[in-house]
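Here's the letter readout for the chains.
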Amino acid sequence: MKNTTISDAFGKRRADIQAIWTKQLTSAAGSAKGRLSSTELEQQARQFLELFHPAVQSNQLDDINGSEWLEVRAFLEDLSRRRVLAGFSSDETALFIFSLKRVLFDILKDESAGDAMQMADHFWQMNVLLDKLGLHTVKSYQRTREEVINRQQHELLELSTPVVKLWDGILALPMIGTLDSARTQVVMESLLQKIVETESQIAIIDITGVPTVDTLVAQHLIKTVTALRLMGADCIISGVRPQIAQTIVHLGVDLHGVTTKANLADALALALKRSGIAFTKK
Amino acid sequence: MDRIPILRMGEFLLVTIQVDMHDELAMRLQDDLTNAIQTKGAKGVLIDISAMEMVDSFIGRMIADISGMAQILDAKTVLVGMQPAVAITLVELGLTLPGVATALNVDRGMQLLRRSMDDGDDDASFQR
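Protein chains in written order, with my numbering: chain E, 8 to 289; chain S, 301 to 428.
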């Protein structure tokens, strides 16, 4: 019975709601200038109300997971996705729903005509409903954000493993950033593939840009070196910093059988020597 | 009954594994190869596995075994042409094949064998 009244009030004053809400949204969007025009905001408000109205009329105000709210939920998900991509913050995105609270409360206050008990009931119902919708918006915002982060991470992974040719038969792999299992796997695969493609006999892995080496990272490096040896190529690890050398010894990691050099120049010199290439100064 | 052909190239033997290995085939290969080393007086064996795309612990062990047998018969084994995926699998299986020499392709493997022949019988110099 009470729900019908909310729905009635909503139906009766819909034009007012839309006008006031749009005005509020536009004034609150001062900080968002340039990212979203007022016409866009108005359009979004209108679209939302178009979907919100039938959903309210369905009298299912307690549960927004039902089929009545499907379209509203889809709209909010789409809205948060677009806002993530446009660079909005989470509170700016959530404000879209929460700013509707004030408008609806004012309207309900007008419509309840002094019946305090009914007004309180309506306020509570509307409050719960809008909170749920707001949380849903934030949740979708977060999910989209995570998708973006995952994608970037993936792109970073592919970008961060360039295999460069230093000389005929000598490849170098400058590693930058923290090494984890997933990255080492990609690094190992791309290096081995490149070895096959270029028929290179020596690979230099430069770890100057690796901030820390722990047992796991050392393990990964040893695995890569062993795989390279199995394929018939030699591996030199260069760019071992003093702290890293200390850590490796303190951790008791066995690097026997792995050639290590302090810097890339030394490693290249060794690689050239092994390939039988010598330089003379003019 | 299929068997893996063993080709003679000068004083070396070339074995190209192109089919899926199974127990019986592997045993037969060990048999044939040791006999061939003996009768032909081969000084080196090249095992080309560039066509092999899958490997398991059994094959890994078989390769190590063959290498060991050849060693006793005074022939050096070089494993050539291992695919990246195979190398990764072997490492993950913990089969690092210590003592087995490797080369990128048959050509390089041949060079390696020749060099070790030139250097004499010093096994240490064989491991580049």
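Treat the hints as calculated values from the structure; they're not laboratory data. Keep in mind that the hints are not guaranteed to be accurate.
Stretch-level coverage of chain E by chain S, calculated; a stretch enters the list once three of its residues show a Cβ under 8 Å from a Cβ in chain S [as the list claims (entries may be wrong)]:
hint: 1; stretch: 14-28
hint: 2; stretch: 181-188
hint: 3; stretch: 273-280
So the derived list for chain S, only partly shown, Cβ under 8 Å to chain E, looks like this [what the hints assert, rightly or not]:
hint: 4; residue: 384
hint: 5; residue: 388
hint: 6; residue: 399
hint: 7; residue: 402
hint: 8; residue: 406
The beta-carbon is built from N, C-alpha and C at its ideal position, and this holds for glycine as well.
So, going through the hints one by one against the coordinates:
Proximity of the stretch 14-28 of chain E to chain S, defined as three or more residues with a beta carbon under 8 Å from a beta carbon of that chain, is not established by the 0 residues found. Check result for the stretch 181-188 of chain E against chain S: violated, 0 residues qualifying (beta carbon to beta carbon below 8 Å, three or more required). A count of 0 residues in the stretch 273-280 of chain E with a Cβ less than 8 Å from any Cβ of chain S is obtained; the coverage claim is therefore unmet, three being the minimum. With its C-beta approaching chain E no nearer than about 3 Å, residue 384 (chain S) sits inside the 8 Å limit, and its interface hint holds.
With a cut of 8 Å, the hint placing residue 388 (chain S) at the interface with chain E holds, because the nearest CB-to-CB distance is about 6 Å. A hinted interface residue such as residue 399 (chain S) counts as satisfied when its beta carbon comes closer than 8 Å to some beta carbon of chain E; here the least separation is about 11 Å, so the hint is violated. Because the beta carbon of residue 402 (chain S) sits about 4 Å from the nearest beta carbon in chain E, less than 8 Å, this interface hint is met. A hinted interface residue such as residue 406 (chain S) counts as satisfied when its beta carbon comes closer than 8 Å to some beta carbon of chain E; here the least separation is about 11 Å, so the hint is violated.
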